[in-house]
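Going line by line, the protein sequences match chains F and C. Residues in the first sequence are numbered consecutively from 5, following the working numbering. Residues in the second sequence are numbered consecutively from 64, following the working numbering.
Just so you know, these hints were derived from the structure itself, not from any lab. Being a predicted model, the structure only gives us computed values, none of them experimental. A virtual CB, placed ideally from N, CA and C, is assigned to each residue, including glycine. Take the hints with a grain of salt, since some may be wrong.
Unchecked claim - Computed cross-link-like contacts, EDC-like style, restricted to lysine to aspartate or glutamate with a CA-CA straight-line distance of at most 16 Å: (1) F:K369 - C:E479; (2) C:K348 - C:E398; (3) C:K273 - C:D213; (4) C:K402 - C:D381; (5) C:K414 - C:E400; (6) C:K202 - C:D219; (7) F:K364 - C:E479; (8) F:K368 - C:E479; (9) C:K316 - C:E289.
Unchecked claim - Here are some chain F residues the structure puts well away from chain C; computed CB gaps all over 12 Å: (10) Q125; (11) S231; (12) L329.
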Amino acid sequence: MLNAMVALSIIVIVVGVYFSVRKKINSVKVNNISNLLHRLRPETLRELILLLLILLVVIFFSIVIDHYLNARLFNRVSTSVAIIGILAIGQALVVLTRNIDLSVGAVVGFTAYFVGQQLSQNNEMTPLVAICMAIGIGALMGSFNGFLVAFCRIPAIIVTLGTMALFRTLLVEYSDAQTVLTVNLPQWLLELPRINVVSYEGLHFRLVVAVMCVVVILFHLILRYTSFGRKIYAVGSNPEAAANSGFQSRKIIFITFVMCGALAGLTGFMYLARFGNITVVAGSGLELKSVAAVVVGGINIFGGSGSIFGATLGAVMIDLLENSLIRWLQISEFWRDAMLGMLILCSVATDSVVMKRFRKYRLKKITQKEEKL
Amino acid sequence: MQIDNLNIKTPSSNNIIDNDFRSSKPPVLEALNISKSFDMTQALDGVSLEMRPGEIHALVGENGAGKSTLIKILTGIQQANQGELRLSGLPVKINNSQEAQAYGIAAIYQEPMLFPDLDVAENIFISHQDQGFFVRWDKMYKDAEKILNDLGVRIDVRNPAIGLTIAEQQAVEIAKAISMNVRVLIMDEPTASLSDHEVNQLFRTVMQLKQEKNVAILFISHRLEEVFEIADRITVLRDGKHISTNLCSAVTKDGLVREMVGREIDQFYAKDETRTVGISVFSVKNLSKESTFSNINFELHKGEILGFAGLVGSRRTDVALAIFGISPADSGSIEIEGKLVEINSPQTAKKLGIAYMTEDRRQLGLVMSMSITSNITLASLSKYLIRFGIIKREKERKTANEFKNRLQIKTTSVEEEVGILSGGNQQKVMISKWLNTQPKIIILDEPTRGIDVGAKAEVHSMMRQLAEKGFSIICISSDLPEVLALSDRILVMREGRQMGIVESQHATQESIMSLAMGQSKESNYA
Chain F
5 MLNAMVALSI
15 IVIVVGVYFS
25 VRKKINSVKV
35 NNISNLLHRL
45 RPETLRELIL
55 LLLILLVVIF
65 FSIVIDHYLN
75 ARLFNRVSTS
85 VAIIGILAIG
95 QALVVLTRNI
105 DLSVGAVVGF
115 TAYFVGQQLS
125 QNNEMTPLVA
135 ICMAIGIGAL
145 MGSFNGFLVA
155 FCRIPAIIVT
165 LGTMALFRTL
175 LVEYSDAQTV
185 LTVNLPQWLL
195 ELPRINVVSY
205 EGLHFRLVVA
215 VMCVVVILFH
225 LILRYTSFGR
235 KIYAVGSNPE
245 AAANSGFQSR
255 KIIFITFVMC
265 GALAGLTGFM
275 YLARFGNITV
285 VAGSGLELKS
295 VAAVVVGGIN
305 IFGGSGSIFG
315 ATLGAVMIDL
325 LENSLIRWLQ
335 ISEFWRDAML
345 GMLILCSVAT
355 DSVVMKRFRK
365 YRLKKITQKE
375 EKL
Chain C
64 MQIDNLNIKT
74 PSSNNIIDND
84 FRSSKPPVLE
94 ALNISKSFDM
104 TQALDGVSLE
114 MRPGEIHALV
124 GENGAGKSTL
134 IKILTGIQQA
144 NQGELRLSGL
154 PVKINNSQEA
164 QAYGIAAIYQ
174 EPMLFPDLDV
184 AENIFISHQD
194 QGFFVRWDKM
204 YKDAEKILND
214 LGVRIDVRNP
224 AIGLTIAEQQ
234 AVEIAKAISM
244 NVRVLIMDEP
254 TASLSDHEVN
264 QLFRTVMQLK
274 QEKNVAILFI
284 SHRLEEVFEI
294 ADRITVLRDG
304 KHISTNLCSA
314 VTKDGLVREM
324 VGREIDQFYA
334 KDETRTVGIS
344 VFSVKNLSKE
354 STFSNINFEL
364 HKGEILGFAG
374 LVGSRRTDVA
384 LAIFGISPAD
394 SGSIEIEGKL
404 VEINSPQTAK
414 KLGIAYMTED
424 RRQLGLVMSM
434 SITSNITLAS
444 LSKYLIRFGI
454 IKREKERKTA
464 NEFKNRLQIK
474 TTSVEEEVGI
484 LSGGNQQKVM
494 ISKWLNTQPK
504 IIILDEPTRG
514 IDVGAKAEVH
524 SMMRQLAEKG
534 FSIICISSDL
544 PEVLALSDRI
554 LVMREGRQMG
564 IVESQHATQE
574 SIMSLAMGQS
584 KESNYA
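Okay, chain C solo, but in the shape it has when bound (with noise of 0.2 Å):
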């Protein structure tokens, strides 16, 4: 680990790459040590970022690094905290998206967000104020065609949306993006759900674009071919912190995955001591699900940790769902203690003591207005019925007040509602909530996304004493440290597909993530 944080560049290294190239056009956007914080996270912190007309700019770094705050940001979804944005030299505010797009900035994203019912043309036009009270329909087929022409892309104008593939969603996108005289185009993971021969499409256009245009495009990707093929320069954020910025030709695949993950592990990711695990206690062999996931295998012991690991996109959260039956697999087999079982409803894989603590806990997990001790009896309710459905309210209170003081859930009273806790204090109710329907088996997904330290070691520490009592635990998380630390073996995927299991002993936070972004396996240990 040690050796990694030796390669990193140094800020001021990076200043004379930079110096170097800025001699050529001048910058169109500029973002200046912007830092943005939500209640306890520092989501950014003093990064800064320069984008240039012509010039593809791809924006790399793990889950949580912050790409999609700056986005948010530079679009005027968000705003920051401190920092500021120049647009060709001057200081400008972006309060909405409507103000981004009147500058000239457009953001397109990995779904593509049409309006399925209209044809491709209104698509296009959709957010022109200026053409007056009456639709002039030929003129507006007219210029569509004209857009789609110069982009080199060939679909019928007068279709629906409805029709499209994305990459044809994504074009018309980007005619829209163009018919707005866009300056500065930015790419979230466009290529996320598409096929290879419409990657090639897509990068077609966005060359077209860069070229006959002359704009400025930041493109954000997991898959680091799709990077290294297309762009002019390359930043990389880690941690909300900008790390590096080089021109693509200056820099090589293994160095951007060090600096994506070097990050410096401090003690409370200390790894601990090997568990002794027990005898296999649930299997999943061939899991498969139609274009989300195939060919998932893997055991799982009893008072082991199974970590799955990969970035947004990899499909972990869904084959957690099909193992609780929120939306089964359509093939392959669950066995648990040698038995095989069907598991197509929440309901069974309760029975079965499957517990899955979700990873949108506002969504997913808690009724936010009911309160604690509801919530922490709610998938065990059975257990407090005395006759005709009348629930035992004090022996809830009971239940509620030894969670409480077990997983140390400050609140003033188990009476309160859940949606008035902290994010670390739901988090412990919703663990409370799973860990009382008396589960052999735990998915635990993203137990730590979104809050603070202290909870976050709290939250470590009570996964260890569980596993240590013999629970099995499946932990989904996309904090690498955090994975490497807690797990026993780890599982990496891949869009879908699985990668491998690795040791954690023998793992790294780079063996890992070159797993995740698609290298083989053997490069790693070479």
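Next up, chain F with everything else stripped away, as it sits in the complex (with noise of 0.2 Å):
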């Protein structure tokens, strides 16, 4: 089980490596170690840099705990991941326009209590219907985030924090401090978590993940193969050449708070599928972990670069940590929090130092070979 999940983490690698100097491999002949690494771009670098540190965590966990690798171990940390990655995609946007949304754990929370108050009191409310609610509401505190951020100009971590309050109060009031219980929630919800697209000896890939994938592929299209991407980019990166471009920054903003505050809501309506009993709480501290997947994951929190699939890796990186950490019995569950916190200053240290070294010698690589030229 070992050998298998180790090697194909390392085909995952090599195959990574592969595609992304594939096209600039048939025009120019690599000769060496050094020409293939200044090929890469610092983003992929990143990227590849992370898969290996999942890996090596991986490794680490196995041989300290016993039977850590298992199926149930990948059932686990992929079902945590769905929610926490689909919430980090929202995140990621909103951060590659230079902004950030504080308010997610809030909306998550309110779009899964009320979703599961309307389903206890309608259990005849069809699974489409429930969605489209949760995806709705979300939606709409985003616009509200995003409007006070793009059109009244109030700084988005200002605007978030407020908002964070407001929409918790919102829910507090709301639910009248009464608990959203399973068993008042339709048989359809309670089965969905457990539904499996594949299934393995025992390594079950979920539906919600499958979810997740379809979220995450459909958002790294958009933001690659898309003008409303490219768009994204040139904000976040350098807002006054996007003005000049003609590009309408405001609107841009305002549609990534949208999409995250949607996303957020598609996040509620998983997280009351997975817990079941939603209290006022629900989903308070997802804000701060969606924004360390995106920092982890290798988004610049000053915006313009990054991808959604570092993102993605991000949230995968923080779960394994964290549903590793937990059946490590040496480390007390008080010092989890504090792993999180030196991931999210190591993965940013080492974008500061090591990745402007990095870029500092394929500068100079390529400016030789322009010279050349």
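Using the supplied hints, reconstruct the complex from the two chains, each of which is provided in its own coordinate frame.
Written out as structure tokens, the structure reads:
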């Protein structure tokens, strides 16, 4: 089992490197490792390093914890990544435009509670209506954030810090201190987290994980292949140049907040399906995890660079660590947060120290090439 | 042009004058054979300068003559590649601005850098670390008052700096310098944003400083009248080289202007045959913007290159920004092909066929972390969309490769990041970006700043080709020979006012420079 997973990860990394440099290999012959290295875009290198780190974490814990590496680990981590992953994608969109959304945890809590409440009262409601309701409420809350940030020009960190408290209070008011209970929820919802798309020897590829994969791929394609995605990067990377090119940056920022809210709404629905019992504190703390996933995943906190794929890897890393540390008896549960904090600091530090050096090195190499031309 | 070269004094004659003067007082700060180069350009080439106590030394030169670089080296912000600095005859190394302060060298800039929320006294003593742990407010206010009184300035030291006029802020900066026992005070265009009355006030303070405190003052200004009013000696820099140092009484304004512009014209600045220009396609009438520029009037014809000349602070770029809708004008009208248009955003300007290629490529022009392809198509993305906003990448790459070949952008692949290209290649990417919007009117702001000679020639020939193809071009440039060689007509600006439009056949560098420095048009043709 262990060997299979390690082998699989190595294959993934090799294939990743190959695909990222393939196009250029065709035109110029690769002579040595350094040549290969400077062909990598810094962002790609960063994602590969993260992939390698995830692998190292798995190997480390499989040595220190007995029976660590089994199908249950995959099942547990993947379902929990499904929740934080989708949230991280929304956060990534916002961070790419030089903003931040701290209210996503509250949005998750509110939508989870609201939709749960509706479903408890009306068990006949179809899944599609419930999902659309969750996404709609999330988008509405996101548009409130977006309006204040983009059109009233209030800094995002202030707006969303305010709405974080606002949405949470809304939830407390609305819930009247009641809890959504599993017993009142319709059967299909409770079964939803355990539906498998593919199953192999105890390894379950859950439907929720498939949903996350679809969202990841969808947004990856949007960012890479549509003009909207291009504009997000342009606005985040150089707002003035974007404005000079005739982009309406405010509209773009508004839309990213709406999308972030909608994705938080979807997360809220999945949160409801996974936990069943929803209290007024549901989803609190998720905002920090989503920001952590984005930063660890290599998205520049000052906007403009990083990828959805990276943010997803960041989410995987965080959840993997959390799930593993719970089972590592030597570490007290209070240290888990500290580990998370250290991870964030390390990833930002590598970005500013290691990646800067790498960029410089690459610049030198490419300038040499340019001069030869 | 050749006559000008004869008029320039040879270095030996300058030395004689210097020797006469040297007998008076030993210099407090000397710069000897300072050279400084940035990647491609030689900003300073063996420049020497002496500053004596109680003397006001003016430094003049065109934009890009190397004045700013020299100041940065004297104040430790940058370090020279070659040459040495001597303080009271002893060689010193100034590695940063703290060290410069410790040596008693202070600088005051056009826009004073005060802390707006702190009061005047706090601003004056902000960098005093020797006052102990606790602030002694009474003593601080008393000392501040004394310094300001000595300077003959009346400001309440307990007021926050935010309410002060720029002249008052400069007085505070001077007081700050005095509190640190300044020996050398560098003033970089301190009068550029002052009214006449405020200039007089500032000059009184400066004279006080010179006479009472025996401070050596280096004064940089684009206003020659002021230089003659206040300076004891004048040094001219041109293209990073020291041209002359003379006593103020030994030079005339005309002589000074000649020395500032009199560079030799190499063949690639050779003036081309006059183009045949077509009908008027773009006209601007009485364009004004509050406290920026006023009454700008010009017509631009099909296939014409209109040069915009002027010194730093002449607001040429602001006019361009207004035309392109980034910061629209308050009043006046713009007509395109006879139709009155209102331009209040870059989107509108783009739709009307105007392209603006900014002088600040890094900040405003390109998205450095994006690929060459993405940058070239950034302003015309709608041309590359299929359904659902999906970008047709093949088509994009084709366009990028076309421009790469057409403008000879040197790169291994059009998928490389723009940030790693050289300045000249970045410029070409930006030009590609805007040509790809298929404009009719192109505004180029300092198109050759910071790029090497080869790339410069390529940009020039490209501009000529564009004009021949019928594009109308506005070229803002501080490089006078460039403007003269490229343009059909030249609009000269000074401090937000239009000083005149001259046919470039009849213009010389001197005539344009005189206009830009505020001498009336008639006297040039006299």
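Hint-by-hint comparison with the structure:
no.	hint	verdict
1	F:K369 - C:E479	holds (13 Å)
2	C:K348 - C:E398	holds (8 Å)
3	C:K273 - C:D213	holds (12 Å)
4	C:K402 - C:D381	violated (23 Å)
5	C:K414 - C:E400	holds (14 Å)
6	C:K202 - C:D219	holds (15 Å)
7	F:K364 - C:E479	holds (14 Å)
8	F:K368 - C:E479	holds (14 Å)
9	C:K316 - C:E289	holds (11 Å)
10	Q125	holds (38 Å)
11	S231	violated (4 Å)
12	L329	holds (35 Å)
Of the numbered hints stated above, those contradicted by the structure are hints 4 and 11, listed in ascending order.
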